[in-house]
Every structure is written in structure tokens, then in C-alpha cells.
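Visitor: One-letter residues, chain by chain:
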Amino acid sequence: MVQYSYFPGCNLKTNAKGFEETAIAVSKKLEAELVEMPKWNCCGTVHTMTSDNMMRRIAPVRVLSRSKKHIDTLEEGTTKEVVTLCSMCNSTLKIVNHEVKQNHEDLEKINYQLEEDEECYEEDMEVKHFLEIIRDNIGYEKLSQSVVKPLEGLKISPYYGCMLLHPDEAAIDDVEMPSVLEYLVESLGAEVIDSPLFKFCCGSYHIVDEEQIVDTQVGKIVEAARLRGANALVVACPLCAFNIDHQQKIMKDKNHGKEPLPVFYFTQLMALALGVPLKTNHFEDHHIDPKPLLKELGLTGKKKS
Amino acid sequence: MSKTKTQTKEENKTPMVKIYIMGSAHEVPASLTIMKAMEYAGFKFTRGAGCRAGFCGACATVYRKAGDYRIYAALACQTQVEDGMVLTQLPFVPAPKGKYDVNKVSPTANTILKLYPEVARCLSCNACSKVCPQEIHVMDYIQYSLQGQISKAAEESFDCVQCGLCAIRCPAEIPQYHVATLVRRLHGRYNMISPETLEARVEEIEAGFYEEGLNELMNLPIDKLRHKYYHERDFIDQKKA
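So the protein lines, in turn, are chains A and B.
Mapping to this note's numbering: the first sequence position 204 is 204, numbers consecutive.
To get this note's numbering, take the position in the second sequence, counting from 1, and add 305.
It cannot be assumed that every hint is accurate.
Unchecked claim - Sample of chain A residues facing chain B (criterion: CB under 7 Å; computed from the structure):
id : residue
1  : Lys13
2  : Lys17
3  : Pro38
4  : Lys39
5  : Asp117
Calculated from the structure, these hints are not laboratory results.
For each residue, glycine too, the CB sits at the ideal point set by N, CA and C.
All chains should be built: construct the whole structure from the sequences, respecting the hints.
Guide: See the structure below:
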């Protein structure tokens, strides 16, 4: 058993409870436990990218400092990795970690603000997305060996969105030909449906003020997957998940969407295949209920009717 | 005359310190609190003073010390003067307060963000925690409330006396102590298990169980009421107990 310091981010406690709970459950089954760090703060997302705005970088650097302290308290924490689930948090923390390691003067300025809180970042942490931990530390072999119920019948189209693959400092995989979600889906016994729109923008924060943009984007993403035979999508980002899930529901209600496709977090698929109790998924938070599809395929734990 | 005066002063030997109140120098006894020192110097409080026991949070104050660049903050009734202190008293902290009916909101991050959208501007700089005279981890409870962890936020903020110093220091202009009130109300209304005995008692009161006894007391003439209050009550003798 290895223990990782896990940084949740705000969405995992609000809109994406199923993402977090399934991730923790499967991490235990895979002997790579995610342990939530105490007293974490916002990763600092949507921080301005102006490189001289040090105030905006205090939050992510404080996360790195506190996660180091957390690792020191873990019994089996032998790594220097802070693990994230949200691809936005992953991106912000990775970029800032990279920046401060490059610019010692900047880090000194930020550390000066942390000093009175008896905190200090010593450039000794690595930020990892849980997908990287699965690929590099756990391995797909171990994952497929842990499967108790192969996800036969699920035809999954992986959707990466922008944050997992951009920019270079934050990318977890090849920017043009990513494979981490594909291998993961295959390891669980489901079929991979490749879509050319795997990183076509979901509309992002336009959901707040220009819903029409999200409508158009989501319509195209889902249609591309459906045309190629997918019956579900898999994502890693709570904002992508919300946009694709929620907007399909809106479009269906307005009668200009086709039969919607359910959206899964990758950890929810893992939980289903690894035999984690169904309620951990919090499917009640989804706008497109995945349960009818799972029931049809006999994957809910109950027998086919 | 002058000789005798000096002698009395030496006899008393009250150690004195020099402090600067709003820029002007005053000699005050070193043993006084900031609040008493200001009164000793002739100031009269009409605002910025309350219980004088560190509970009400009315006497927030900011000061600097001689040869120290830092700005300090404290409750004036709880902090002793030091030689060279430069200080003032804050009569009031202006901060916007959200209006809500606690029965019509939900215990979620969205409620916090609707009433206090500034919370999302938090930089995690921790200036609020550093200034808090109650030593509350203010930034952490603001973060908990942003994360929708209402109960954790309520517990973390429990000792708040609403002095408002956090709101003054915040670069994101968050009224932290009002957010704290909101999360504790949400916690009490939605997350806490309601005590059965209290509910039973409220039901009794509403059903008029105590009406008769109360009316009887209300209709008593003052001398009989006095007799009941001072002589017929069961007093616990503190000395014997």
C-alpha cells in the first residue's frame, strides 16, 4: 500500500462528489490510497497568467507547501507527489510549480508571505493527476487484474478537454495522440470509440454568460461520438462533465437534441468494474442518468430483467 | 512644594510607559490595558468599547510598536500597553451584510457565493488569520465555506467575536465574520441534530403548559413578587456548595 497526499479542489466537494468518492474507493482497491490533505485552499484557478502577479500565486504555492507537510504525516507516504483529480487544479498547480522552480526570486517573494504561517515551499513536490498515477505507478496490468466485472457493452468515447493536454507544463499525455484514457477504458473491459473531437472545447466558462456557445460545442462533441457508435462519454474535468451533461439535458428539453449520452468520470467506470458499491457514484447528481444504460447492459449489480 | 511632589512619585514607583494615541504622546501606567490607558489619558469611549472582558468584540484596535515595521491588531480590553506603542481605537468596521431567510436557503457553497460573491476572490494570503485576536484560522474557514463544507467552516469559526479586523485586512475585501455567521446559521439549521429535549420543551410552551403559572406571577403585587423572588426561591449557598 502506498499513500498519496490528495488535493481535492472545490468541485470535488460540490458538483462532483461521485468523482471524489469513487476515486478514493478505487485507490484503496489498487493499493495506492488517496488521502485528503487537511486544510487545503483553492488551487488559485483562473489566476491571471501575468507572470508578475505574485499575489495570485500564493494559493497554489501554499497548497504545495501544505501537501509536503501532509506527506510527512502519512504512514506509508513515501512519495513526493500531490495528486489531483480535477484537471483545472492539476493544470494550475503544475504550471505554478514549474514557474517557481524556474524563477527562484519569485518563489522567495512568495515564501516570504508564507513565512509567518510557518510554511515554506522548497521546490520538492511533483503535481500528478490521478490518471498519471494509474498509468505510471499502478499500471494498466494491475488495473485489469483488479476488475471483477468487465464493462462489456459500454462503448466509451474518451473526451480529454483542454486542460489535461495544454499547455506543455501541465500536459499529462501527448497533445495530439493521447492514450491514457483509452488504455484505462480498455483495461476495464469496455470498448473504446475514438472521436476526432476528443479535445474540442466544451465551451468552458461561457456556461455562465453565453450558453449558446456551450450548446453548439456540446452538440458537436456528442454527435461526433454518437456517429461512431459510442453509448457514453468519459471525462476527467468537472467543468467538461457539467457542460456536456447539463447542456444535453437542456437541449433535450428544448427538443433540439437527440437521445443524450451519459457522461462518466473515469473513476466512476473504474468503480463499476472494480465492484465498488453503486451509491458511491452519486448518479443522482447527473443530469443525464446513466443508470438505465447500465441496467440494460447488466452492469448495475442487479440481474438483467 | 516641588520637592515633596517628586518624593511622592518616587514612593509610588508606578512604572510608567510612553504611548502615542493618534499621534500625541501620553504617559500612562505600564500595567494598564490599551482601553484603560486611553481612558487614563482622558479619552472617553462612546463607541469601540463593550464588555471589557474580551467577549463582545467591540474594541478592535490597531497599533504599531517602537522600532517594528509590523502593524498589530488586538482587542483593546485584552492587551497591555507597551512603551513606544502608537495606537488608535476603531469605532466600527463597515462591511456589507447579506440578507437572507435561513429557512429559504440551502447549506451549500452556492448560498455563500450568492450572498457573499467576494469569497471567490480569496487569494489564500492568510492575512485574516494573522490578524485575528481569537487566533481563528480565518482563511481556512473561508476556504471551507467556498468548498461547501459548511459544518467544518462553522466549527472552525466558532470562537469569532465579530471584531471585524479580518475584513479590514483582506485584500479580496471579504467580510469574513459575516460569512462565519452565515455558515454557523446554516450548520445549526440544516446539519446539526436538533436536541429532542429542547423540541419537547418548546412544544410544551406552545401548548400553554406554563401559561397558568406565568399569569399568576404577572398578576402578583410587587411586594409579594419581591418576597417570592428573595425569600421563597431555592438558593444554592455558594459557600456551602
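Visitor: None of the hints should be skipped; say for each whether it holds.
Guide: For each hint, the structure was consulted:
For Lys13/A, the shortest C-beta to C-beta distance to chain B is roughly 5 Å, which falls under 7 Å, so the interface hint holds. Hint status for Lys17/A: violated, given a least beta-carbon distance of 10 Å to chain B, over 7 Å. Restraint check, Pro38/A versus chain B: the minimum CB separation of about 9 Å is more than 7 Å; hint violated. Because the smallest distance between the Cβ of Lys39/A and any Cβ of chain B comes to about 5 Å, under 7 Å, the interface hint for this residue holds.
Taken as an interface hint, Asp117/A checks out: its beta carbon lies about 5 Å from the nearest beta carbon of chain B, inside 7 Å.
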